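Position chain B against the provided structure of chain A, taking the given hints into account.
In case you want the letters, here they are:
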Amino acid sequence: MTTGGVTTGGVTTGGVTTGGVTRPPDPALPRLLLVECPGLEAPDEDDGGEHLRRFGRVVEALSSVCPWVDAVRPGVCTLPIKGPTRYFGTEEAVVAQVAETVAAALDLNGGVPDGDVRLGVAEGVFAAVLAAGTGMVVPAGETGRFLAPWPVDVLGDPELAGVLVRLGLSTLGRFAAVPAADVLARFGASGVRGHRIARGLDGELPGYRVAGMGARVVAALGRALALQDRQPEFWGGASAADERAGEALTALQRRLGTEAVLVPVLEGGRGPADRCRLVPWSPTAAAPEQKTKAQRRKAPKAPSEPPWPGRLPPPAPAQVTAGHRLIEVELVDAAGVPVVVTARGLLTEEPARLSVGGGPWTPVAAWSAPWPVEERWWSRARRRAARLQVLTTDGAARLLVTERGRWRIEAAYD
Amino acid sequence: MVCEHMFVPSSTPRLQRLAERVRPTAASRTCLLPVLPPIAALLPDGGLRRGTVVRCAGEGAPSLAMAVAAGPSAAGSWCGMVGLDEVGVLAAAGYGLDLDRLVVVHAAPAEWAVAAAVLVDGIDLVVLAPPRYARPAAARTLAARARDRDAVVLVVGERPGFPAELELAVETARWHGLAEGAGRLQSRRVTVVARGRGSAVRPVRQELWLPTATGKVAAA
Numbered sequence: 003m004t005t006g007g008v009t010t011g012g013v014t015t016g017g018v019t020t021g022g023v024t025r026p027p028d029p030a031l032p033r034l035l036l037v038e039c040p041g042l043e044a045p046d047e048d049d050g051g052e053h054l055r056r057f058g059r060v061v062e063a064l065s066s067v068c069p070w071v072d073a074v075r076p077g078v079c080t081l082p083i084k085g086p087t088r089y090f091g092t093e094e095a096v097v098a099q100v101a102e103t104v105a106a107a108l109d110l111n112g113g114v115p116d117g118d119v120r121l122g123v124a125e126g127v128f129a130a131v132l133a134a135g136t137g138m139v140v141p142a143g144e145t146g147r148f149l150a151p152w153p154v155d156v157l158g159d160p161e162l163a164g165v166l167v168r169l170g171l172s173t174l175g176r177f178a179a180v181p182a183a184d185v186l187a188r189f190g191a192s193g194v195r196g197h198r199i200a201r202g203l204d205g206e207l208p209g210y211r212v213a214g215m216g217a218r219v220v221a222a223l224g225r226a227l228a229l230q231d232r233q234p235e236f237w238g239g240a241s242a243a244d245e246r247a248g249e250a251l252t253a254l255q256r257r258l259g260t261e262a263v264l265v266p267v268l269e270g271g272r273g274p275a276d277r278c279r280l281v282p283w284s285p286t287a288a289a290p291e292q293k294t295k296a297q298r299r300k301a302p303k304a305p306s307e308p309p310w311p312g313r314l315p316p317p318a319p320a321q322v323t324a325g326h327r328l329i330e331v332e333l334v335d336a337a338g339v340p341v342v343v344t345a346r347g348l349l350t351e352e353p354a355r356l357s358v359g360g361g362p363w364t365p366v367a368a369w370s371a372p373w374p375v376e377e378r379w380w381s382r383a384r385r386r387a388a389r390l391q392v393l394t395t396d397g398a399a400r401l402l403v404t405e406r407g408r409w410r411i412e413a414a415y416d
Numbered sequence: 026m027v028c029e030h031m032f033v034p035s036s037t038p039r040l041q042r043l044a045e046r047v048r049p050t051a052a053s054r055t056c057l058l059p060v061l062p063p064i065a066a067l068l069p070d071g072g073l074r075r076g077t078v079v080r081c082a083g084e085g086a087p088s089l090a091m092a093v094a095a096g097p098s099a100a101g102s103w104c105g106m107v108g109l110d111e112v113g114v115l116a117a118a119g120y121g122l123d124l125d126r127l128v129v130v131h132a133a134p135a136e137w138a139v140a141a142a143v144l145v146d147g148i149d150l151v152v153l154a155p156p157r158y159a160r161p162a163a164a165r166t167l168a169a170r171a172r173d174r175d176a177v178v179l180v181v182g183e184r185p186g187f188p189a190e191l192e193l194a195v196e197t198a199r200w201h202g203l204a205e206g207a208g209r210l211q212s213r214r215v216t217v218v219a220r221g222r223g224s225a226v227r228p229v230r231q232e233l234w235l236p237t238a239t240g241k242v243a244a245a
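Residue numbers (this note's numbering), protein chains in the order written: chain A, 3 to 416; chain B, 26 to 245.
It is worth saying that the hints were derived from the structure and are not from the lab. All values derive from a computational prediction rather than experimental measurement. You may find that some hints are simply not true.
With beta-carbon atoms standing in for the labels, derived distance ranges [unchecked claim]: (1) Ala66/B - Glu43/A: 37 to 43 Å; (2) Ala336/A - Tyr158/B: 35 to 41 Å; (3) Ala204/B - Arg256/A: 50 to 56 Å; (4) Ala213/A - Ala66/B: 23 to 29 Å; (5) Asp155/A - Ala66/B: 50 to 56 Å; (6) Arg160/B - Asp155/A: 45 to 51 Å; (7) Ile329/A - Gly206/B: 46 to 52 Å; (8) His201/B - Glu352/A: 17 to 23 Å; (9) Val342/A - Asp173/B: 53 to 59 Å; (10) Lys84/A - Ala245/B: 43 to 49 Å; (11) Gly407/A - Tyr158/B: 43 to 49 Å; (12) Arg188/A - Thr197/B: 56 to 62 Å.
Listing some non-contacts, in silico: residues in chain A with all C-beta distances to chain B over 12 Å [to be verified]: (13) Ala179; (14) Ala242; (15) Arg256; (16) Ser357.
Just a few of them, taken from the derived set where beta-carbon distance is under 8 Å, the chain A residues facing chain B [what the hints assert, rightly or not]: (17) Gln321; (18) Ala324; (19) Leu393.
For each residue, glycine too, the CB sits at the ideal point set by N, CA and C.
Next up, chain B with everything else stripped away, as it sits in the complex:
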């Protein structure tokens, strides 16, 4: 039986794509990181499949990544952030991340791959905003490592060179509460589209409050 742990990444992208397509999904369904209910509706397995790369893109991608990471974090997984030096920790806490298991790595741009690879060794969830010029080879190496270590990598931002099993893209976003010279930023309503390979071939759309007026994520 082909098992994802036995899968050796090939340097040939086509072979790799093929291998990913034949990977059994039923077996991997047993190793899911739990997510918050509004996020679960977006994921084909209802949770984050270990060993995969998920991309969060579009306006508000950092917030979306935090909301996705909140579930595993609340359930006891460590979460490491690379390339998000200025992450709003208060916002992260608001979405539900456990600050006791959050680590923010301030790596030089050239060191993102090292930082992410070491984190993947020991941490379930790595939120990564790679530099724009990140080499596709380094991205593939990291993806293979995540697969090998049963970790999940959440890539923040459009990074076409990054192989991702699933993309969660904010299509539309609209802030509420702020007017011309009055009010305040209160909540943001977004449409998130999930596109992926395999079980997620059909795009799934979900309306979310990201954040709600109290800084959480909720289905709209």
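One chain only, chain A, in its complex shape:
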């Protein structure tokens, strides 16, 4: 077991394989300047929103330093320090500017002093809160070393802390050195969350952030602010919604089995069923907060130009049948002769009627030209396949696939 100074903060690991899915490396956590006004943390029910209004003025004033102020919870906000540093020259200059701005914003409102203001700089909200407690600017990349000596109590779960301390894992650094694979079984979900914090993989503990703070601040001020409710994923923290969802999904997997609770993974492929795979949800793999904005942008979100054979174009079908469950259909011309795709990829007859799974005939209203399935696949499998969109008069639009004279439904445009 390693002691004290394990450096893990901001360290990116290689691709992580979870349940057969390779994830990209975890991005480094954003470097944040955190502003904490302890005097403004009181619940706003007590004073008709006055605390929230005062906090709003602080946030508003700070947005002159940086437009990306994130109101995390009453009395606590952060801003990414990288951008302002480029403008002000050094991080120290930004901290000084922010200190001055906050002081001015609070003084302007006169009367009762709001107590001290704490500032801290570190990677991730969790570390920045600890840094603010001692007024520290943690050097870039040193957040792991900074976190390591802190007692595990700071994870905010006394029960977990008790267990860890009994095992001699009394500091975040020692806890971080425990192999991730052992953590879930030994310390449960709360252990996994704390472990990810200790390793610098997550930036904030679920439950710390108060949802909708940006909107509440705007409401309290009664005027528009150049401020958006930041999505937690920008900041490397799990939102309360993700936390609640995670608990429900874990419970559901216990009830129905791991394989019953699935999340989508997009990948390249020939047909609609190949382009997206559903894989069992896992508490660590399915953490949306780990993705940076840049990664999201790169993710193949919209089915714009799928690399399907013959480039089956968008829009994508609303229902896609898995390979082994394809339903057979009969497609015939007006005389009842089965429609076949020729070797040159043409239809032998004009489709007139369609019967699904031996059911009643429905007249065909329109159909596409056949899309031949990728050539290489043909030759390797020594078979000829093609896709055809067919619209019947009842309004049902389907994607059929034909092979060796058999037609089956691959997808439906419900």
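Relative to the frame of chain A, chain B by itself:
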């Protein structure tokens, strides 16, 4: 004051209907899940009221449900699907669902109620295609649970036994772009009618592209 969180569902349908009618709408208006603009025009509150059941029916009901779910999903809500084992995830992404917060539950037909109930506990939005023989009692239990947990259940398909505050029904649908042996399915123009209780007594009609040529939803 009667508040929806304090409302205990009665086993008597008539009492329940009455209770639903006296539930204050002004208070519930503050807890709406946001929807995409073309969908907002259909909803009496301009968003999905938490704690309610909304039915999507008619041709293209699965697509309509995805388009309705896209707004909350894009705004950060998790979306869970039950009974839609073969959902086209690419289509869902096209409508705007955030795939990072989408979970598809493959439950056996007999387990739909369990699956939906557990999801409702932790997820804002559950899209549910219950089996045709779903017991009305189980449906009412789920509706009460959704109300209690401030979740929204979107029921896909005609399920008369399912109590729904609002029904969004595709009345007419017409595909564009496909001809006899030429073209391709490009876009579908639909008329959706919203019928409901309370603030949605008067039916509202909206023409939509569901989907557009790029797989989105748009007002027609």
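Hints, verified against the model:
no., hint, result
1, Ala66/B - Glu43/A: 37 to 43 Å, "holds (41 Å)"
2, Ala336/A - Tyr158/B: 35 to 41 Å, "holds (39 Å)"
3, Ala204/B - Arg256/A: 50 to 56 Å, "holds (52 Å)"
4, Ala213/A - Ala66/B: 23 to 29 Å, "holds (27 Å)"
5, Asp155/A - Ala66/B: 50 to 56 Å, "holds (52 Å)"
6, Arg160/B - Asp155/A: 45 to 51 Å, "holds (49 Å)"
7, Ile329/A - Gly206/B: 46 to 52 Å, "violated (23 Å)"
8, His201/B - Glu352/A: 17 to 23 Å, "holds (21 Å)"
9, Val342/A - Asp173/B: 53 to 59 Å, "holds (57 Å)"
10, Lys84/A - Ala245/B: 43 to 49 Å, "holds (44 Å)"
11, Gly407/A - Tyr158/B: 43 to 49 Å, "violated (37 Å)"
12, Arg188/A - Thr197/B: 56 to 62 Å, "holds (59 Å)"
13, Ala179, "holds (30 Å)"
14, Ala242, "violated (10 Å)"
15, Arg256, "violated (9 Å)"
16, Ser357, "holds (19 Å)"
17, Gln321, "holds (5 Å)"
18, Ala324, "holds (7 Å)"
19, Leu393, "holds (5 Å)"
The structure fails hints 7, 11, 14, 15 (numbered hints given earlier, in ascending order).
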